[in-house]
Amino acid sequence: MESFLNRYRNITVLLLTILAQLVLLSLQVKNDQDVGFIRSWTVTAVSPLAKLADAVRGGSIGFVRDYIRLHDSDAENRRLQQEVDNQKLQIVFLQNQLNTADRAKALQLFQAKVPSKTLAASVIMTGLGTNSMVFVDRGSGSGVMRGMGVLTADGILGKVTAAYLTASQVQLVTDPEFAAGVISGKNHARGTLKGYDGHLCKVDYVAFDDKVEPGDWFYTSGDDRMFPSGFPVGIVKSVQPGQPFKEIMLEPSGMFRGLEDVLIVLDSVHQEIPDTPPGNQPVYVAPAPPASGDAEIATPAAQGVAAGTDADRLKAAYKAAGDAQGHTFGEDAPHSKPPDFTKLAGPGAATKSTAPANPPATKGTAATKSTAPPVQPGGGQ
Amino acid sequence: MSYSGERILLTNQRESRISRYRFWVMLVIPLAALLFQIYVPLFFRFLKFLDLPLLVVIYLGVMRRNPVSGLLMGAAVGLAQDSLAKTPLGMYGIVNTLVGYFAASIGMKLDVENVTMRLLLAYFFFILHELLYWIMQRALLRELPPFDWQGWLVTGLLNALVGAALFHFLDKLRVTA
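Order-wise, the sequence lines are chains A and B.
Letter by letter, the first sequence follows residues 1 to 381 in our numbering.
Letter by letter, the second sequence follows residues 1 to 177 in our numbering.
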């Protein structure tokens, strides 16, 4: 019996196992009842693992999702940062372009208004080891010569100390070895401008009794035969009394807006010294336009109105009456017959008499020229 | 002993080698297979065709070459499958018991290290499993399931391919002498 079981052990176990399961199955089918404990065991064994797997999955997915999201955010952040950087660079570039265009336009306008013959140039490099020397891109090939003055729209900048074929060396006004003749706009105190410390200048040889105050403007006097007279030099920062000369510190105006575009004075034409600072000079205001757009803009002569104030026109009328009667004001003998002022001509007649000295201007620009005050560099800025 | 692709039958009993596994492997592998089958299709429905518990039963059966061990493993895994399914307890149990028993019996005669043989065995037992289950449904439960033999062939092939890869992985869990 034992040998029989050993021999057929496998098949016996198989049959017993299947029989047991068949009984189990038939019981369930017949009674329509589940064998709860087997399911319970299985579910109890498997569910913790499923929970663990779910936790691992959730954590992994969350981690991966966060990683991807953060990775994307990081990439997007970098992209946006780069875009912002590019925009900033573009803004700086455009701003530089705009500034350059503005400077060029201002310099062009200034050049057109200055009677002296000038040559536009750009600063291309600075001198080694010094802040008071630069090089400009125009040289002897363009007619630049040593000793020529260099200007900006705001004032004088320096002088050409060496002219090479394609470039020139410019000594700035702040160089201690620089010197130029200057004159104050307010009281016409003369002196010599010298560089001081690379930033400021001083005005030497101004007599102690000359009246100079902080805030006064100095202009080129033309005495140095380098700069034409009448160009702004700078504004007085401090004045110390001294014997025999005052100690005047001055802030040069030619470098207010940096050193980029300059004018080299090729041929000097002197100008008048303005008695008002460049910033406070009167500003011409054009007359209001006519009501009708089609109306002709009349010139002062056509309107029969003399230029100037009412007093000027009255004075001109009296002078015209005197001239008509052969009277010379201020020269005739004391008890001579005075002119008959009952025959005063109207304002139009007075204008007519002065018209030859002040020819009728054509409409538009000529009218502006006849009435506009002389525009000074830096004026109105 | 060397195994070649051409030899699929063992010439004598001494050539058969019983693979041994640690106890935790025998416990964890079927549990992991069950877990895979009940959990992974929740997120990857297309993996529902995989019957990893069956593949594990086949593998352990053919590799251990012990019919009793094989049938008991089949019964345990099958009952666990039944417990986690809506079917009455015993349906998968009986089918897997038979598969485990036959796998172990055939494993004693065949070179089960051969990849082709493993593919064929996995394919054959999958079809056998489906057929036995279909028969039991009709005979014991008086149900009329469709005889989807074409589906069995296709899913059998896919399971065999996955089984071959799985067997290769499970080989690494064997206890080496």
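Simulated from the structure, these hints should not be mistaken for laboratory data.
Any given hint could turn out to be false.
[Stated by the list, open to error] Below, computed lysine to any residue pairings styled on SDA-like, alpha-carbon distance capped at 25 Å: (1) B:LYS86 <-> A:ILE91; (2) A:LYS186 <-> A:MET249; (3) A:LYS194 <-> A:GLN108; (4) B:LYS86 <-> A:ASN31; (5) A:LYS30 <-> B:MET136; (6) A:LYS202 <-> A:GLY258; (7) B:LYS86 <-> A:LYS202; (8) A:LYS30 <-> A:PRO48; (9) B:LYS86 <-> A:VAL23; (10) B:LYS86 <-> A:VAL35; (11) B:LYS109 <-> A:THR12; (12) A:LYS51 <-> B:MET136; (13) A:LYS117 <-> A:LEU94; (14) B:LYS86 <-> A:LEU52; (15) A:LYS51 <-> B:ILE38; (16) A:LYS51 <-> B:LEU157.
Given pair status - A:GLY258, A:LYS202, alpha carbons within 25 Å
20 Å, holds
Does the alpha-carbon distance linking B:LYS86 and A:ASN31 stay inside the 25 Å limit?
Cα-Cα ~16 Å, so holds.
With the threshold set at 25 Å, check whether the alpha-carbon distance from B:LYS86 to A:VAL23 stays at or below it.
18 Å, holds
Verify the proposed pairing of A:LYS51 with B:ILE38, using a straight-line Cα cut of 25 Å.
12 Å, holds
Run the distance test for A:LYS51 versus B:LEU157: straight-line Cα separation, threshold 25 Å.
32 Å, violated
Given hint A:LEU94 paired with A:LYS117 - CA-CA distance at most 25 Å:
With Cα atoms ~32 Å apart, A:LYS117 and A:LEU94 exceed 25 Å; violated.
Is B:LYS109 close enough to A:THR12, meaning Cα to Cα at most 25 Å?
Holds. B:LYS109 to A:THR12 sits at ~20 Å (cutoff 25 Å).
Straight-line alpha-carbon gap B:LYS86 to A:LYS202, limit 25 Å
This hinted pair is violated, its Cα atoms lying about 106 Å apart.
Has the given pair, A:LYS51 with B:MET136, been kept, meaning a C-alpha gap of at most 25 Å?
Answer violated: A:LYS51 to B:MET136 is near 33 Å, above 25 Å.
Next pair to validate is A:LYS186 with A:MET249; report whether the Cα-Cα distance is within 25 Å.
Distance ~16 Å between A:LYS186 and A:MET249 Cα, so the pair holds.
Given the proposed pairing of B:LYS86 with A:ILE91, does the C-alpha separation stay at or below 25 Å?
72 Å, violated
With the threshold set at 25 Å, check whether the alpha-carbon distance from B:LYS86 to A:VAL35 stays at or below it.
12 Å, holds
Hints 1, 3, 7, 8, 12, 13, 16 from the list above are not met by this structure, while the remaining hints are.
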